[in-house]
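2 protein chains.
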Amino acid sequence: MELSAILATIPLFNGLTDQQLADLALIVSDQNYKRGATIFAEGDRGVGFFILVSGQVKIYKMSVDGKEQTLHIFGPGEPFAEAAVFTGKSYPAYADALQDSRVFFIPRDSFVTLIRENPALAMNMLGALSMRLKKFAGMIEALSLKEVPGRLASHLLLLGGQQGDDEFALNIGKAQLASILGTIPETLSRIFKKLSEGGFIEVQGSRIRIVDREGLEALASGEEKL
Amino acid sequence: MELSAILATIPLFNGLTDQQLADLALIVSDQNYKRGATIFAEGDRGVGFFILVSGQVKIYKMSVDGKEQTLHIFGPGEPFAEAAVFTGKSYPAYADALQDSRVFFIPRDSFVTLIRENPALAMNMLGALSMRLKKFAGMIEALSLKEVPGRLASHLLLLGGQQGDDEFALNIGKAQLASILGTIPETLSRIFKKLSEGGFIEVQGSRIRIVDREGLEALASGEEKL
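Those protein sequences? They're chains A and B, same order as listed. If you count by the working numbering, then the first sequence holds residues 111 to 336, one letter each, in order. If you count by the working numbering, then the second sequence holds residues 111 to 336, one letter each, in order.
Chain A with its partners taken away, still in its complex shape (with noise of 0.2 Å):
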C-alpha cells in the first residue's frame, strides 16, 4: 500500500483530503525497528512524532532504581508522542518496539512547515480532533451516568458529614472533582443539574446544601437510579 493510502486509514489524519495526504506522504519517513529496539528516549528533544503501522511499541518510564513502569502499549493505526511533539516538548518516557514494529515518522519542523503552507490540513486535524473528542465525550457520559450519580451522592453525604453539617461548601473543583469520580466537568455539570432538579441538594455557587438526605442515601447504595 502507499504511504497515503495508509496515513488515510489513521483516525489522526481522518478527513485529509487526497491532496493532504499526499503531502504529508512527501515528509514521512517509513522506519523498522527490530524488537526490542529502543525508538526514543525520555528526555530525548522530541523531534518527531510516529503513527505506529505495524507491531507494537512500549511506551514506559524508569524509575531512579531502573524499574520500568509501563505506561502504554500501542497497536497499529495509534500515533504515539504526538501530543508532546505537538505543544514542542521532549519526549516524556521511553519507547521501545515490543515486536518487529513498522513506523512513520514525522518530523516536527517539515510538520510545522507544512501547516505554514497548508493552513486547511491544521484545520482538518483539528476538526477531526474534535469530532472524536465531541464522541468520546458522549460516551464517558453514556458509561458514567450509569454510575457516577451515586459515587456523587456518597461524595457529598461525605462531605456533608465531615463539615458536620447539611450545608458545605465544594472545598475543590469541579475539574479535580470529575476525574476523583470517574468523569468529565461536562457530565458532571449535568448530573449536578439532575441532583437539583430532582429535589436532592441546592447548589448556590460552590455551596451545596443537602435537601433529601434519605434519596442522596438510596442513590449512593445503588438502591435508587437517577
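It is worth saying that the hints were derived from the structure and are not from the lab. Check the hints yourself; a few may be wrong.
When chains are identical, the list treats them as one kind, so a pair holds in a single copy or across two.
No farther apart than 20 Å at their CA atoms in a straight line, the calculated lysine-lysine pairs in the PhoX-like style are these [stated by the list, open to error]:
#1 K199 to K244
#2 K303 to K168
#3 K245 to K168
#4 K335 to K256
#5 K304 to K256
Source: prediction; values computed, not measured.
Please build the complex by placing chain B on the supplied structure of chain A, with the hints as guidance.
Just chain B now, with coordinates in the frame of chain A:
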C-alpha cells in the same frame, strides 16, 4: 475579565501561550444573544465557530414536519460548531440561546490567517486536543473494561450460535463492533487480546474460534469477570 483571560480557561485553548491567547483575542467578536434568539441555522455557511462564555445554548435539528430534535445543550466554557467550521462545512444544525447568553465568535477566515502566520498556535491546539483525547480514551477504557468483556462474550456466543459453529467470521469491522458494544476500537482490541490470552477464544484475522464456551457464558452472565 479580559478576553484573553477568558480564552485561557477554555479547554480547547489549553496550552496556548499568553501571546497566542492575545493574538486570538484580537479576532474574537464578543456577542450577546437574548434568550430564544437563533445563533445560526442548519445549512448556513460555517463562517466561524463559537465559545459559550455564559448562558446556555441548544443545538437541534428540525424534522420535515417541523418537530425539534435536541442534539445537545451546551454550558459555559464549551465550544460549539468548531468541528464543522474547522473542516470547512456548513452548520450541521440549529443553535438557539436557551438563556441570555454571551458567546465569543471566532471567524473562520481570521482563524485560518492566524494559523498561517503562527503555526505554533495550531500545533498547541492539536497538542491539547490530542492530550484530552488520550485522557478520554483512558477513561472510556477504565469505564468499559468492567462491562464490555461481558457484552463482547454475549455477542460472540450469539454469532457462534447464528452461524451454527464454534468457528466463524466477524462480519463487521472492529470500529463498528466497538461502537455497538459502547467502547472504542483501542479498548476492544485489548479485550480481544485478553480473551484470547485467557483461552476463551482463538483469533485468526477476522476469524474467531470459541475455545471455552462455558467460560464465555460465565462472562456473558456476569458470573465471571475478565
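Verification of the hints:
no. : hint         : in the structure
1   : K199 to K244 : between (26 Å within a copy, 17 Å between copies)
2   : K303 to K168 : between (41 Å within a copy, 16 Å between copies)
3   : K245 to K168 : between (27 Å within a copy, 18 Å between copies)
4   : K335 to K256 : both (8 Å within a copy, 19 Å between copies)
5   : K304 to K256 : within (13 Å within a copy, 25 Å between copies)
Checked against the numbered hints above, the structure breaks none of them.
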